[in-house]
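Chemist: One-letter residues, chain by chain:
There are 2 protein chains.
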Amino acid sequence: MKKYDVIIIGAGPAGVVTGVTVKKQNSSKSVLIITEEEKGLIPCGIPYIFHHLGSVEKNMMGLKPFKDLGGEVIVDPVNEVNVKEKSVSLKSGDIYHYDKLVFATGSTPVIAKFIRGYEMKNVYYIKKSYSYIHRLFGELKDKKNIVIIGGGFIGSEVAEQLALHHDKNVTLIESEKYCFSKAFSEELSKIATEQLEKTATHIRTSTMAEEIAGNKDGFVEKVILKGGEEIAADAVIISVGYKPNSELAEKAGLPLNVMGAIKVDSYERTSVKDVSAVGDCSQTIGFLTGRSDLIMLASTATAEARVLGYNLFSVKIKKPFSGTLGIFSTKINGLAMANAGIEEISANEANIDFLSAKFTDVDRHPGTIPGTSPMTVKLYFSPSDGTVLGGEVWGSDSAGEIINIIGLIIQKSITIYELVSFQIGTHPLLTSAPTKPMIIKAAEAAISMIQITKKE
Amino acid sequence: MKKYDVIIIGAGPAGVVTGVTVKKQNSSKSVLIITEEEKGLIPCGIPYIFHHLGSVEKNMMGLKPFKDLGGEVIVDPVNEVNVKEKSVSLKSGDIYHYDKLVFATGSTPVIAKFIRGYEMKNVYYIKKSYSYIHRLFGELKDKKNIVIIGGGFIGSEVAEQLALHHDKNVTLIESEKYCFSKAFSEELSKIATEQLEKTATHIRTSTMAEEIAGNKDGFVEKVILKGGEEIAADAVIISVGYKPNSELAEKAGLPLNVMGAIKVDSYERTSVKDVSAVGDCSQTIGFLTGRSDLIMLASTATAEARVLGYNLFSVKIKKPFSGTLGIFSTKINGLAMANAGIEEISANEANIDFLSAKFTDVDRHPGTIPGTSPMTVKLYFSPSDGTVLGGEVWGSDSAGEIINIIGLIIQKSITIYELVSFQIGTHPLLTSAPTKPMIIKAAEAAISMIQITKKE
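These protein sequence lines map, in sequence, to chains A and B. Quick note, the first sequence lines up with residues 1 to 456 if you use the working numbering. Quick note, the second sequence lines up with residues 1001 to 1456 if you use the working numbering.
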């Protein structure tokens, strides 16, 4: 029976970053990561395996940084956790004791039991598993008609990547009016959906897949939409969301929230002493909503993992806020699009009072410089105190970092009034013009709106 | 004799943004901009006239946004300002009265009187004047050997752009060890200088131009360096800095600081009632140094102009800090490079205690994705409290916005400890990996340095 100072279950971004951070801070402590599979994948890179990367091997997430620091790794599924005896028993029968235990068990695709025929052959999910995706990658090669059910980020990005193969006929089915509408405003969802349509993807929105039907051998042949329309399918990929991998924790007696995520505090500690949980398997409290949210992003998982890693043995680096801020970005058909914090839909759901203002210009200056492209910044803000509550950016690749400026603005509760004197750097070949810095111009438009609203 | 509520002298970025902001906030007030030239230039775009833009007309800054709001413009040089009578008299003899006066007179190149022969024909400066640059653009066309004296941003960018013409032979002379060393650390200055060398620019650093010599008709033929070396020159461009255009204000009795800039408070007000000054002609107090600085950037000028524009008639939007933060960015030979706040040289000059830490990775993820390029983030921070005091970024174009994240971090006095839980958005095609967000990894490296320093 061996004992480790720290045992981490799971080798995704949350597990690895926790391991690396703990080991860096406590080089003398023994840290073990237990994982089900030898090889791991970078979750957000999975869609790009199907075209841009062109192979599963190019999207590997290694444990080398962790091992280089002296961390140990065991590949063996966990059977059971005993929080009283502080032990973990593995499928092989081995038992390991811990001083501190971290659940970083991630999430798993929601099985579409609500669709008849969901169990047919050649019906796939985007599991964050090397062996599964490796098999999927191989099996899709000779499939022509591919139907993807669910137009969130993963579904849409996989659709775009598959549609870039000229021999494939890709159809995406989304129940909402537009794809990406879980994260983006209606305005941006519409733009994103139009971009996706410009790739060779056929898109059916505001409809549902009612049945997956196939031949007598159980192989899928078509997807039947609500209303009876049939779409030929050699393969179906279902991407209707993920749920926390929390069975193991639940069996061990850890409390879960209504969404099935392991309950944790701001420092990722569960209610059981010496047991923590990070990443997709753990509860997130919305930064702006103040209540349970289901934000599953590698970026927020690693932020949680860093907080836990520094503070696992005692709180050393105080967290300046509580809550998770979802920052989403993607690039479809060459257009970068991103959101941070609230937009209309999530604000209304959470009953948050807001106004929005936007500014459109070009991403370089002057506009005559070669390679310039349009860019829009939209800010969501409190009509009461002017605090920035959310933002969206779309245009060229710079959007991927501009959204992080807005993310910091939200995290620091900066107001539109403060942004008037926010000092930025500009350059003709790199940014918009100093006379029209986009975040600041959007803030100025926001100030005008409050002034008008007050006058009315 | 006509009276305006507001008269602004100067139509550069500071003047135009002041005019637009004042007019937007006070549509019923009459606002007049007085300018010397009908046509204006975007200052930071001037170097790109010589190649990327290919014409002066493509780098025009219009007064249309100001006029569209009902602003008026007079093209006529100002002869004198009388702050007692609150009047401005023009070269034409016209006199205008004001309620509020704003100096936005900009800056002008420092004349290199310390170089013998500086008055020869075909010796030029990069003046922010349409007619001057138009003439320079035309006259450089048939010049083969061009010598540029001064390797700051303007000199270096002009050198790169001219060197992109294969029929030109461009030499840059810089007295410091590296170009860009007024704004960049030695490490980044070296990288920037190497990039500039990779364009066809010949660079001579750690030397001085001692004499500009020419033929009996007064046309330049060569530049003689300290030590006697001679460089053939059909044209010489001198770019050794700018000085505030403050003669008019001085004549009117406004106090100047030691650098010749018009003294102003945090809201850009001079010591004379109803008279303000913004942009290059006005005093800047360093955000970190707390003392007079000579930061002349269109981006800081427009930030000042916005603050003034909102608060000209009464303070309406409180400025959350005082002081100007210099944020510099450029792109040479395809490499984007940027600095915000202090680096080694300026920190030592201002006697600011600091440490620095950096992190290098790739700008997209996984590193195997096509089009990925290396990126480095360097943070300067206080060894006492961990506050971020400066930063540098170099790599792909994203550097232009990443430096603005760092700029906001500095302006909000965020510490390296807070950055551990800073939440960001990541995407394979847009940013570095969620497991290695570059600003946060640099902050973690910074924390380790403080820990090591404390142990020592």
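FYI, nobody ran anything at the bench for these hints, they're computed from the structure. Hints are supplied without guarantee of correctness; some may be wrong.
What the hints assert, rightly or not - Calculated Cβ distances over 12 Å to all of chain B for the following chain A residues:
1) E38
2) I42
3) N257
4) E344
As the list claims (entries may be wrong) - Capping the alpha-carbon separation at 30 Å, the derived lysine-lysine pairs in DSS-like fashion look like this:
5) A:K144 / A:K127
6) A:K331 / A:K91
7) A:K318 / B:K1319
8) B:K1127 / B:K1182
9) A:K39 / A:K143
10) B:K1436 / A:K316
11) B:K1024 / A:K436
12) B:K1182 / B:K1216
13) A:K64 / B:K1086
14) A:K412 / B:K1141
15) B:K1436 / A:K412
16) A:K67 / B:K1436
17) A:K2 / A:K58
18) A:K436 / B:K1143
19) B:K1318 / A:K319
20) B:K1002 / A:K358
21) A:K198 / A:K58
22) B:K1318 / A:K436
23) B:K1064 / B:K1318
24) B:K1251 / B:K1222
25) A:K358 / B:K1086
26) A:K58 / B:K1436
27) B:K1222 / B:K1143
Glycine included, every Cβ here is placed at the ideal spot set by N, Cα and C.
Chemist: Would you mind marking each hint as holding or not holding in the structure?
Modeler: Do the hints match the structure? See the list:
With a closest Cβ-Cβ approach of about 18 Å to chain B, E38 of chain A is found to remain outside the 12 Å limit, as its non-interface label requires. The beta carbon of I42 of chain A sits about 5 Å from the closest Cβ of chain B, which is not more than 12 Å, so the claim that it is off the interface is violated. Every CB of chain B lies more than 12 Å from the CB of N257 of chain A, the least distance being 20 Å, so the non-interface label holds. Annotated as non-interface, E344 of chain A keeps its C-beta farther than 12 Å from every C-beta of chain B; the closest such distance is 19 Å.
Restraint check: the Cα-Cα separation between K144 of chain A and K127 of chain A comes to about 21 Å, which is no more than 30 Å; the hinted pair holds. A distance of roughly 41 Å separates the Cα atoms of K331 of chain A and K91 of chain A; the hinted pair therefore is violated under the 30 Å criterion. Restraint check for K318 of chain A and K1319 of chain B: the C-alpha separation of about 28 Å stays at or below 30 Å, so the hint holds. Restraint check for K1127 of chain B and K1182 of chain B: satisfied, since their Cα atoms lie roughly 20 Å apart, inside the 30 Å limit.
Among the hinted pairs, K39 of chain A with K143 of chain A is consistent with the structure: their alpha-carbon atoms are about 26 Å apart, no more than 30 Å. Under the criterion of a C-alpha separation no larger than 30 Å, the hint pairing K1436 of chain B with K316 of chain A is consistent with the structure, at around 21 Å. Proposed proximity of K1024 of chain B and K436 of chain A is supported: the alpha carbons are some 15 Å apart, at most 30 Å. Pair hint K1182 of chain B plus K1216 of chain B does not hold up; C-alpha atoms about 37 Å apart against a cutoff of 30 Å.
At roughly 72 Å between alpha-carbon atoms, K64 of chain A and K1086 of chain B are farther apart than 30 Å, so this suggested pair is violated. For the hint pairing K412 of chain A with K1141 of chain B, the CA-to-CA distance comes to about 51 Å; that exceeds 30 Å, so the pair is violated. Our distance criterion of 30 Å between C-alpha atoms is met by K1436 of chain B and K412 of chain A, whose separation comes to about 22 Å. With a C-alpha separation of about 16 Å, the suggested pairing of K67 of chain A with K1436 of chain B holds against the 30 Å cut-off.
In summary, the hint linking K2 of chain A to K58 of chain A is not supported, as the alpha carbons are separated by about 35 Å, beyond the 30 Å threshold. For the given pair, K436 of chain A sits about 36 Å from K1143 of chain B by alpha-carbon distance, which is inconsistent with the 30 Å threshold. At most 30 Å may separate the alpha-carbon atoms for a hinted pair to count; K1318 of chain B and K319 of chain A meet this at roughly 28 Å. For the proposed pair K1002 of chain B and K358 of chain A, the alpha carbon gap of about 38 Å is over 30 Å, so the pair is violated.
The straight-line distance between the Cα atoms of K198 of chain A and K58 of chain A is roughly 27 Å, inside the 30 Å bound, and the hint therefore holds. Between K1318 of chain B and K436 of chain A, the direct Cα distance comes to roughly 21 Å. Compliance with the 30 Å bound is thereby established for this hinted pair. Under the criterion of a C-alpha separation no larger than 30 Å, the hint pairing K1064 of chain B with K1318 of chain B is consistent with the structure, at around 29 Å. Between K1251 of chain B and K1222 of chain B the alpha-carbon distance is near 39 Å, which puts this suggested pair outside the 30 Å criterion.
The suggested pairing of K358 of chain A with K1086 of chain B is violated, with an alpha-carbon distance near 39 Å, which exceeds 30 Å. The suggested pairing of K58 of chain A with K1436 of chain B holds, with an alpha-carbon distance near 17 Å, which does not exceed 30 Å. Simply put, K1222 of chain B and K1143 of chain B have alpha-carbon atoms about 13 Å apart, close enough for the 30 Å limit, and the pair holds.
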